[in-house]
Amino acid sequence: MNEHIIKKLQNIVGKQYVITKAEEMICYSYDGTFQRGLPAGVVFPATTREVAEIIGLANTEKIPVFPRGSGTGLSGGSIPQNGGLVLVLNRMNKIKEISKEDLLAVVEPGVITGDLHQAVENIGLFYPPDPASLKTCTMGGNIAENAGGPRAFKYGVTSDYVLGLEVITPTGEIMRTGGRTVKNVTGYDLKRLMTGSEGTLGVVTEITVRLVPKPKDKKTALVIFDSLDSAASTVAAIVTEGVIPATLELMDKLTIQCVEKNARLGLPLDAEAILLMEVDGSTVQVNEDIGIIEDICKRNKCRKIEIASTLEDREKLWKARRAVSSAIVQLKPTKISEDATVPRSKIPEMVRRLQEISKKYNIHLPVFGHAGDGNLHPNIIADKSDPEEMERVEKAVGEIFKAALDLGGTLSGEHGIGVMKKPYLKWEMGEVGLSYLKAIKNAVDPNNILNPGKIF
Amino acid sequence: MGDNCKDILNKCSRCGGCQAHCPLYSETGRESFVARGKIELLENLQSGNLDWNDSLAEIFSTCLLCGSCTENCPNGVRADKLIMSARKDLVTARGLPIIKRNIFQHLLKYNGRLNKAGRLLSVYQKSGLQKLMRASGILNMLPLDLGKKESLLPQIVSKSFRENLPGLNKLSNPRFKVAYFTGCVTNLVKPQVGYSLLKVLGANNVEVVIPEQFCCGIPAIASGDIETGRFLAEENIKQFVNLEVDYVIMDCATCLSTWLKYPELFANKEAFDLAKKVIDINRFLVEILDIKIFSKELGIKVTYHDPCHLKRTPSGRSSPRELLKRLSPSYEFEEMEVSDRCCGSAGSFNLTHYDLSQNVAQHKVKAILKSQANVVASSCPSCIMQLEHSLKKKNLDTPVKHTIELVADCHQ
Numbered sequence: 001m002n003e004h005i006i007k008k009l010q011n012i013v014g015k016q017y018v019i020t021k022a023e024e025m026i027c028y029s030y031d032g033t034f035q036r037g038l039p040a041g042v043v044f045p046a047t048t049r050e051v052a053e054i055i056g057l058a059n060t061e062k063i064p065v066f067p068r069g070s071g072t073g074l075s076g077g078s079i080p081q082n083g084g085l086v087l088v089l090n091r092m093n094k095i096k097e098i099s100k101e102d103l104l105a106v107v108e109p110g111v112i113t114g115d116l117h118q119a120v121e122n123i124g125l126f127y128p129p130d131p132a133s134l135k136t137c138t139m140g141g142n143i144a145e146n147a148g149g150p151r152a153f154k155y156g157v158t159s160d161y162v163l164g165l166e167v168i169t170p171t172g173e174i175m176r177t178g179g180r181t182v183k184n185v186t187g188y189d190l191k192r193l194m195t196g197s198e199g200t201l202g203v204v205t206e207i208t209v210r211l212v213p214k215p216k217d218k219k220t221a222l223v224i225f226d227s228l229d230s231a232a233s234t235v236a237a238i239v240t241e242g243v244i245p246a247t248l249e250l251m252d253k254l255t256i257q258c259v260e261k262n263a264r265l266g267l268p269l270d271a272e273a274i275l276l277m278e279v280d281g282s283t284v285q286v287n288e289d290i291g292i293i294e295d296i297c298k299r300n301k302c303r304k305i306e307i308a309s310t311l312e313d314r315e316k317l318w319k320a321r322r323a324v325s326s327a328i329v330q331l332k333p334t335k336i337s338e339d340a341t342v343p344r345s346k347i348p349e350m351v352r353r354l355q356e357i358s359k360k361y362n363i364h365l366p367v368f369g370h371a372g373d374g375n376l377h378p379n380i381i382a383d384k385s386d387p388e389e390m391e392r393v394e395k396a397v398g399e400i401f402k403a404a405l406d407l408g409g410t411l412s413g414e415h416g417i418g419v420m421k422k423p424y425l426k427w428e429m430g431e432v433g434l435s436y437l438k439a440i441k442n443a444v445d446p447n448n449i450l451n452p453g454k455i456f
Numbered sequence: 457m458g459d460n461c462k463d464i465l466n467k468c469s470r471c472g473g474c475q476a477h478c479p480l481y482s483e484t485g486r487e488s489f490v491a492r493g494k495i496e497l498l499e500n501l502q503s504g505n506l507d508w509n510d511s512l513a514e515i516f517s518t519c520l521l522c523g524s525c526t527e528n529c530p531n532g533v534r535a536d537k538l539i540m541s542a543r544k545d546l547v548t549a550r551g552l553p554i555i556k557r558n559i560f561q562h563l564l565k566y567n568g569r570l571n572k573a574g575r576l577l578s579v580y581q582k583s584g585l586q587k588l589m590r591a592s593g594i595l596n597m598l599p600l601d602l603g604k605k606e607s608l609l610p611q612i613v614s615k616s617f618r619e620n621l622p623g624l625n626k627l628s629n630p631r632f633k634v635a636y637f638t639g640c641v642t643n644l645v646k647p648q649v650g651y652s653l654l655k656v657l658g659a660n661n662v663e664v665v666i667p668e669q670f671c672c673g674i675p676a677i678a679s680g681d682i683e684t685g686r687f688l689a690e691e692n693i694k695q696f697v698n699l700e701v702d703y704v705i706m707d708c709a710t711c712l713s714t715w716l717k718y719p720e721l722f723a724n725k726e727a728f729d730l731a732k733k734v735i736d737i738n739r740f741l742v743e744i745l746d747i748k749i750f751s752k753e754l755g756i757k758v759t760y761h762d763p764c765h766l767k768r769t770p771s772g773r774s775s776p777r778e779l780l781k782r783l784s785p786s787y788e789f790e791e792m793e794v795s796d797r798c799c800g801s802a803g804s805f806n807l808t809h810y811d812l813s814q815n816v817a818q819h820k821v822k823a824i825l826k827s828q829a830n831v832v833a834s835s836c837p838s839c840i841m842q843l844e845h846s847l848k849k850k851n852l853d854t855p856v857k858h859t860i861e862l863v864a865d866c867h868q
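Chains as they are written, first to last, in the working numbering: chain A, 1 to 456; chain B, 457 to 868.
Just so you know, the hints here were simulated from the structure itself, not pulled from any lab data. Note that the structure is predicted; figures quoted are calculated from it, not measured. Careful: at least some of the hints might be erroneous.
[As the list claims (entries may be wrong)] Anything over 10 angstroms on all C-beta distances counts as not near chain B; from chain A, calculated:
| no. | residue |
| --- | --- |
| 1 | Ser99 |
| 2 | Ile123 |
| 3 | Gly242 |
[As the list claims (entries may be wrong)] Within a straight-line C-alpha distance of at most 27 angstroms, the following computed DSS-like cross-link-like pairs (lysine-lysine) qualify:
| no. | chain 1 | residue 1 | chain 2 | residue 2 |
| --- | --- | --- | --- | --- |
| 4 | B | Lys748 | B | Lys733 |
| 5 | A | Lys422 | A | Lys261 |
| 6 | A | Lys94 | B | Lys822 |
| 7 | A | Lys332 | B | Lys467 |
| 8 | A | Lys261 | B | Lys462 |
| 9 | A | Lys438 | A | Lys422 |
| 10 | B | Lys826 | A | Lys253 |
| 11 | A | Lys94 | B | Lys826 |
| 12 | A | Lys332 | B | Lys757 |
| 13 | B | Lys537 | A | Lys319 |
| 14 | A | Lys135 | B | Lys822 |
| 15 | B | Lys826 | A | Lys96 |
| 16 | A | Lys21 | B | Lys462 |
| 17 | A | Lys253 | A | Lys298 |
| 18 | B | Lys467 | A | Lys135 |
| 19 | A | Lys183 | A | Lys94 |
| 20 | B | Lys467 | A | Lys384 |
| 21 | A | Lys384 | B | Lys694 |
| 22 | A | Lys96 | B | Lys462 |
| 23 | B | Lys848 | A | Lys319 |
| 24 | A | Lys94 | B | Lys850 |
| 25 | B | Lys848 | B | Lys822 |
| 26 | A | Lys316 | A | Lys253 |
| 27 | A | Lys218 | A | Lys135 |
| 28 | A | Lys384 | B | Lys537 |
| 29 | A | Lys384 | A | Lys438 |
| 30 | A | Lys360 | B | Lys467 |
| 31 | B | Lys537 | A | Lys261 |
| 32 | B | Lys757 | A | Lys21 |
| 33 | A | Lys426 | A | Lys438 |
| 34 | A | Lys135 | B | Lys748 |
| 35 | A | Lys332 | B | Lys537 |
| 36 | A | Lys359 | B | Lys467 |
| 37 | B | Lys572 | B | Lys615 |
| 38 | B | Lys615 | A | Lys261 |
| 39 | B | Lys537 | A | Lys21 |
| 40 | B | Lys717 | B | Lys694 |
For glycine and all other residues, C-beta sits at the position ideal for the given N, C-alpha and C.
Pulled out of the complex, with its shape left as it was, chain A reads as follows:
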């Protein structure tokens, strides 16, 4: 990067907050995927003003900017392309306010999602979105990707909680959208547009999120099934009988076998599916819900059901789910985590199609995910150093997307498009949809400064 631009950046944030050493920049060439791209500089602003100045400078000098939180994304959204500046927001990590009266929190984008959870739960409040990386990922990143998580079935995703945003526009101006009220129909709903815009339309520098009261009680059930169909009809029955569990996780046979081989928790190797469900709410509600669930599972001929109330016992049941990630990479080292999502009623059909795809391309494809919202997370387990296998993987990914769209679903439930799903976007959005997206991008970012090369 040009010497005088580096000087200007150093003047904005201070010398020690600009990285141009090759070795250190390599550490900003990746995210949670196997995509890579080297930046020409990395900058760490501390204030809204600094972010605005950096973007303003980039716009004048026509330097692409790649915003980044903790770099845990799963679609390549924060990865720099063809040089450019990585804008790391983790120094802006203050929780500015938690209001019990207005039921909201105001945070900077670098706040770790899990830290916000802890802070609000300490005073009896609750921020539901819970992406798996919550101990590491940032609120800014959650806004950019519109992150979800297991609790989405009952509580919704990030965009359902965003009340207001402060945004730096691609030309370096400061804009506020939304505010501190649940109701707000003044002008276009820009906060919704920003949420999930993957860093292409603006950089969020302050976030106001809605909070809810923390549920008083929880109960967890782990249920083993001999057939995938009975697990699926259990899910259907639970929903039609009016119970909405906070989490409803499905593990298929291959996943169960991996976990058991790796963690030895006593799971049956011949089981076809496991459902892990958690209900929360008042004690009365929780007891009633878990009773209904137990009844439905038995009617659907489950093999075994275990129910836990205390934190310790619940953790024991969660162990199986938490062991999945490390267990499946024992098969092969490269994990390609997809998040194609289908309507709830199509889950059994989707699982069957995934099994066919796995056979057709001879790849490991364990399925475990959020059955409640149809966000199944098929994970392709491969070896990135085997180019022949990676070719099969690419074809399989295409078929997974096709299957999801066939069944009325979507390419991405919560990871975003980034660079990984770009080639498939047209399948879902069509020409008209795609040019609508591009028109918006061109209108607000005429120089294509912010996160170019992403989404489309």
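Once you have looked at the hints, place chain B on chain A.
Using the frame of chain A, we list chain B on its own:
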């Protein structure tokens, strides 16, 4: 890099989960400090995209080897092992820094020289020369903040613990016979820990033999000088293997964890047999002796800091706590927040990266203050020195003691 390490490298998915557990990332917020960044660099080195250079040497020196990332990695990536292996590669490619080379290869290998160096330092500290140096301001003229670091130098004893003692305290009908590996810090800086250990074991009818011994090797191994590490391990194994003892006792968590790794350095029977006998003093007192302590009511509030090197060994978390609870009512145990977080000492890291190390330690200082403990206990002399220094830096006079010192206090 061996195949084994390449396999570990392959397992990292770059999820970034290590960020939540790395004390250095939490201070700096920089990817080059956390396991994921280092693993990416190792892959670049592996593929020939990078060669070892000064920047990389600096980056790979910034790891506490506390093992938190490894313990919490969802993919089971043993990052600590990778860092060690990287440091070894670095030494092979570029050699050791001159200071380390002199210390490891000319001092650690020779007990006579180590004791002499200790005595010299002790003379410097006691003769008034240190006072003079400090008062004169000469120290402040030293490069690299050495002036600040000089105050980190522990007070060295004029005669080492082992030189002051017979090799064996014979008992007529002992319950157990044990060998005692004192570790360098107890030997040269904290002899009171050694005396406490002897007092407690003697009072409980345990015969203790203290054979000739060398540094456990960790300073060299952690810096990538595996050759010196092996030499020291071999010498120690030679000294201990023929002793007719039931256990080999350690009061230093770091030495303990090094001894437990000797079989990785030498896949021979002696190393394996000895590793089976090696036991931490806390665990020995609780699980083997099942020690009963009758103490008077003092009600001193004590909290505990987990040394990284002890907490992941068998009963490494539970036995020191159990031991402290048995000291009631003399001492009342109170768990502090982040009790198992690394103190930032990490061998010579607190010298080479003083400010960063102190920033890591401040989390412990805060937790100690919040616990309102009158005394802090731990089970690793290095952690104890670090905590003492960082408390003093904040003008706090809370004493930091080895658990065995507190047990000895209750044996009147």
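Numbered hints the structure breaks, given as an ascending list: Hints 5, 10, 12, 21, 22, 23, 29, 32, 34 and 38 not satisfied by this model.
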